[in-house]
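J.: Chain by chain, the residues:
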Amino acid sequence: MNSRERVLSLFKKEKIDRVPCFSGMGNITEAGINKLGYKFAGIHLDAKQMADTAATTYKLFGYECGVVPVDLCVEAEAMGCQINVYPHAEGILYPTIKEKLIHNEAEMDTIKLPANMGELGRVPLLREAIRLLKADIGNDVAVGSYVLGPFTLAGQIMELNDLLKLSFKKADKVGKLLDLMADAIIIVAKEYEKAGVDYITVREMGATSDVLSPRVFKNLIAPPLKKVISQLSVPSVLHVCGKTNDIVTTMMETGPTAISVEQKNDVQESRKKLGDDALIFGNFDAYNVLVSGSEELVRSTMRKCIDDGVNAVWPGCDIWPTVPAANMNAMLDEIKTYGGKK
Amino acid sequence: MADEARKKEIYDKLRNGVINYDEDACREGAQEALDAGLDANEAIFDGLVSGMEEVGRLFEAQEYFVPEILMCADALYAGLDILKPHCKQMDLGVRGSVVIGTVEGDVHDIGKNLVKMMFDVAGFHVYDLGRDVPLDKFVDEQLKTDSELVCLSAMMTTSMVGMPTVIEKIKAKNPDCMIMIGGAPTSKDLADKWGADGYAEDASNALKEAIKMVGFLKKLRDEKLNKK
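Chains as they are written, first to last, in this note's numbering: chain A, 1 to 342; chain B, 1 to 228.
If we strip away everything but chain A, and leave its shape as in the complex, we get:
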């Protein structure tokens, strides 16, 4: 069973030999970028560089997937936002949105999606990157992509401060905007599917229980998420950051193939709530364990994830590129040996 078969079988809930070690979020490494002689700021703007870099995490470490894009700005950019890739930065800086699309409450009602959004911004570039990545490593590993969740996207195109207050004061208005965000996300996700992506992760990062109440999550965040997920043809993973134990049931009710949770989630508790059949991916700290932890901490954390009952060991966030090679190797080695025994 190769990595691709293992991951795809997992999504079909078929029997597999061990838990896979993969991600639906960014996982490129500095080791990969340096080997290719690329610059971080450049890989967001060039399909070949993006695909080449995304393939290195498999090629160098045996990580069981290839994922593009690398940043979180594709949808907002296709909607008309300018992005900043920090071309002159010495270190690694992820692109951000320069200017919001909605500047006041009134504009929430008037905003429209561009007619040909699937051809705007970097959406065509992403299609090309997915094709290249598939051609390169698609026989060996599953190729994934990700989109933002409606609330997280809304937080990019208007002031998050205002969005949060209005989600309390004027939930109807925010609900309408989130529905439109869902349409935008579906357009982008459909393009990724056309390019042949094997699975899509929906990253609703901003709607964590650290920020919003489980009640608001259920009433306001879940309906547009459900809309997005119901439109996806490929297996889907819903990721929410931070505290999620009180919302895992609602997350699952939005209909994804699997849910992804981070280290603040108690997976044993989630398992009790969701049952043996549910696919739960997670849940290690992608920075404090994988990047700045010791090899032994990496190994013990992988064992804990498996013991807690995740169906795939997968990071709580993007893997930070400066991850030491020794830790990547320790992670893969531990999951291959320990994961098979379970």
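No wet-lab data here; the hints were simulated from the structure. Just so you know, these numbers come straight off a predicted model, no measurement behind them. The beta carbon of each residue, even a glycine, is placed where N, CA and C say it ideally should be. Honestly, I wouldn't trust all of these hints.
Okay, derived cross-link-like pairs now, PhoX-like style, lysine-lysine, Cα gap no bigger than 20 Å in a straight line [said to hold, decoys possible]: (1) A/Lys243 - B/Lys171; (2) A/Lys190 - A/Lys112; (3) B/Lys88 - A/Lys264; (4) B/Lys137 - A/Lys98; (5) A/Lys243 - A/Lys194; (6) A/Lys134 - A/Lys48.
Label-pair distances were calculated between CB atoms; the ranges are [stated by the list, open to error]: (7) A/Leu101 - B/Asp3: 52 to 62 Å; (8) A/Glu14 - B/Pro164: 44 to 54 Å; (9) A/Asn116 - B/Asp146: 26 to 36 Å; (10) B/Cys87 - A/Gly118: 34 to 44 Å.
Covered by chain A, per the in silico footprint, the following chain B stretches (three or more residues, Cβ under 8 Å) [what the hints assert, rightly or not]: (11) 6-20; (12) 100-109; (13) 112-120; (14) 147-159.
Add chain B to chain A, keeping to what the hints say.
T.: Relative to chain A, chain B alone:
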């Protein structure tokens, strides 16, 4: 001068105005405090800040979430804007200025703004650099203003890794400067490792840390007053 009952009534109005995110009540309460000749500093601490402390507790108990906190903050500012021009300079033995901002690569500023609010309340001079701030700007601003505190905020793992560079540079030039880091991906371990003096992992903790800090200042003030 207002009697104790009237004073309590006004402070309760300010306190409850913050808790119930009622900007009008805070504005009215602040004006009533001034009209009754109450001490503006005291009205801020015993009214507005006392309300914010309760908000922090409600957040911890998961009765309130971030949207409520933001509305409470608006209410606090509604009162503060009226009271602040009437505040006496607090003699705390510190100059009381702080440089604050969200590091480059990060455009989230809610946590930063909540911490800033508490410094505003405490009468600090706040140099707010905003968000997506180039790292060297923190170093330059600290030197320029000789602030004794620098607060660095990041919401995303992908932006917090710039923090140790800033801390190192500031400490090299000014070892006495206190540095607080905050944001979802930060931790006590990272703060220790990077040589920061304090940390707050999320908005509520930032609020709590800042309240603690302000509480400490208030204690100093009370002790000073008692000595007089």
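J.: Hint numbers the structure violates, sorted upward?
T.: Numbers 1, 3, 5, 9, 10, 11, 13 - these are the hints that the structure violates, sorted from lowest upward.
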